[in-house]
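So the protein sequences, as listed, match chains A and B. Sequential numbering of the first sequence, starting at 59, is according to the numbering used here. Sequential numbering of the second sequence, starting at 59, is according to the numbering used here.
None of these hints come from the bench; they were simulated from the model. Errors might be hidden in some of the hints.
If several chains are the same, the list does not tell them apart, and a pair holds so long as it fits within one copy or across any two.
[Stated by the list, open to error] Computed list of lysine-lysine pairs in DSS-like fashion (alpha-carbon distance at most 25 Å, straight line):
| # | residue 1 | residue 2 |
| --- | --- | --- |
| 1 | Lys-334 | Lys-205 |
| 2 | Lys-205 | Lys-336 |
| 3 | Lys-298 | Lys-274 |
| 4 | Lys-205 | Lys-216 |
There are 2 protein chains.
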Amino acid sequence: MLFASLMACKQEPSVKTEPTTVQTTENSDPLPSWNDVASKKAIISFVKDVTTEGSANFIPVEDRIATFDNDGTLWSEQPTYFQLFFTMDRIKQLSANHPEWKDKQPYKAAIEHDLKTLMQQGDKALFDMVMEVHGNVTAEEFDKMVKDWIATAKHPTKDVLFTDLTYKPMQELLDYLKAYDFKLFIVSGGGIEFMRAWTEGVYGIPDNQIVGTTNKTEFDYNDGNPVIRILPELEFMDDKGGKPVGINKFIGRKPVFSAGNSDGDLQMMQYAASNKYKNFELYVHHTDSVREWAYDRNSPIGTLNKGLDEAAAKGWTVVDMKNDWNTVYGN
Amino acid sequence: MLFASLMACKQEPSVKTEPTTVQTTENSDPLPSWNDVASKKAIISFVKDVTTEGSANFIPVEDRIATFDNDGTLWSEQPTYFQLFFTMDRIKQLSANHPEWKDKQPYKAAIEHDLKTLMQQGDKALFDMVMEVHGNVTAEEFDKMVKDWIATAKHPTKDVLFTDLTYKPMQELLDYLKAYDFKLFIVSGGGIEFMRAWTEGVYGIPDNQIVGTTNKTEFDYNDGNPVIRILPELEFMDDKGGKPVGINKFIGRKPVFSAGNSDGDLQMMQYAASNKYKNFELYVHHTDSVREWAYDRNSPIGTLNKGLDEAAAKGWTVVDMKNDWNTVYGN
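Here chain A stands alone, though its shape is the one from the complex (with noise of 0.2 Å):
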């Protein structure tokens, strides 16, 4: 409908998100945090192409559906899923409680943040370990504990708040497909309600744009106060073949431009590709062991083997970090 208005308003002078702010955009970098590569090039060419009236390949605004990964993506997901950090810190608050944790793992390696000791439990325990944290509480009460927690808890090694591991790079894209009318979902393994406490705040991304993993959840009226409860047990998991899936779902529509980074993402970048319209693959690919990480085909987490290859393959757009971006770190 806002394309229909905009059309029906179109010899009108000013109309949100039209030509003032293409034009603003066409005088200035739109991607500083970018070198001048083959990758910001195929971006930058490919937004122009999609949206210029006339243009063969163009796509009408309401189509303009863009889906983006998180985790290694749109923030860091080294040495471990930072969700992973907030279960870690919630059980060693849990643990006042709960004293035998102390001796039992996956419990103990959580509560003394021994992340080699984690990672060897299994994972069915640790599985259950996110779960008993993610569970058993009110939707309200999980977000203020996640904001809470994002807005002081700090990075193991960097030292820095988690969303200050946001990459500034893909920060200005997501902003610059928000200035050509594109709309930006989340698409994560990552759980829906972890991420909605904070993303609409660092991304300028709302609540229902945020697909993700999710748990069971029931209402209860609650003696007229009423609430909903979080279950400790998985109802979806965003992850390969439930990335179209929640795609579909939540969206309702294919994606033209989608953005990943592991194995993980490479069925939401072939149910892009399959699009009618022109389309866009973005693979980050973690290349700058200085300023980030260096990882890919062997790494436990952010697998990136197959897609890599199929990337090649099909002429998706991988970026080299360490040499497409000038900056890597920044809202």
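Position chain B against the provided structure of chain A, taking the given hints into account.
Chain B alone, transformed into the frame defined by chain A:
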């Protein structure tokens, strides 16, 4: 939608949804299909109060979440939910390949459009038939199927397109709230894929703001032509306690404005009523046996019993369709 378009174009130098728009609204009647009665006055008074800067009840734009039920709230639902007419027509279409259906219930009744017999077949048989029609198909195929149907199928007694049975006063209300920067969502027991095939065109609400009942789906790489397959299996029922659950999952924020017409909407109303901000709950009461239908406490479709009592007890706004609306249908 015409209303929103006019608003966007009327002012110079028009910026969508800004103060200029608000002034335009003040100078004309934003709800012309509503008689000058208490319900209309209450709506306008609420919207003015919560959107005027400096008001004690001011609600920031990002929290102006409005949720609307669909069946019986935005369009009619008699003699049964319109999605069931789609189901019957689809069964009739499929019956060419199922000669055994013509003697087997509930298929026989569906093929014959014998609603009375159909309703006697029990919930389980009906549910299985609905699943049969809504599953076993790709999301893209299903979308096309519904689009084709809704463009041509006629209501059995009104003899007009089903989309001609949307309520003009409610369309005006959607446009009015949108002009004041409310973000509109449909939260319906209807199928999410069924609605998304036509709701954006009819209500101007984007696909990712449509919350409904979902089937399980899966991603199929399909030899390089990826598709989402809809399975004939229920995933989530967006009704009663499922409505606040769906709101929390898809929207992530509590509504400040909520509209429904049945007991299936009661939990959504209770949830909105618990908002820390001033909030508005609206029940459409079907009282017009001439222009629409008259039913409430004892109707098998759209039962409004507990909701009517709770609305009276809590002072929620109940719209008397016969007396409050000077026009019922229209876009």
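Requested in this report: Can you give me the call for Lys-298 and Lys-274, within, between, both or neither, at a CA distance of at most 25 Å?
Outcome: This pair counts as both: shortest intra-copy Cα distance 20 Å, inter-copy 16 Å.
Report task. Could you figure out if Lys-334 and Lys-205 sit no more than 25 Å apart (CA to CA) within one copy, between two copies, both or neither? Result -> Answer is between: at 18 Å across copies they meet the 25 Å cutoff, but 40 Å inside does not.
Report task. Classify it for me, Lys-205 with Lys-336: is the Cα-Cα distance of at most 25 Å met within a copy, between copies, both or neither? Result -> between (38 Å within a copy, 24 Å between copies)
Requested in this report: Measure nothing new, just compare the shortest in-copy and cross-copy C-alpha distances for Lys-205 and Lys-216 to 25 Å and report within, between, both or neither.
Outcome: Answer is within: at 20 Å inside a copy they meet the 25 Å cutoff, but 53 Å across does not.
Of the numbered hints listed earlier, not one is contradicted by the structure.
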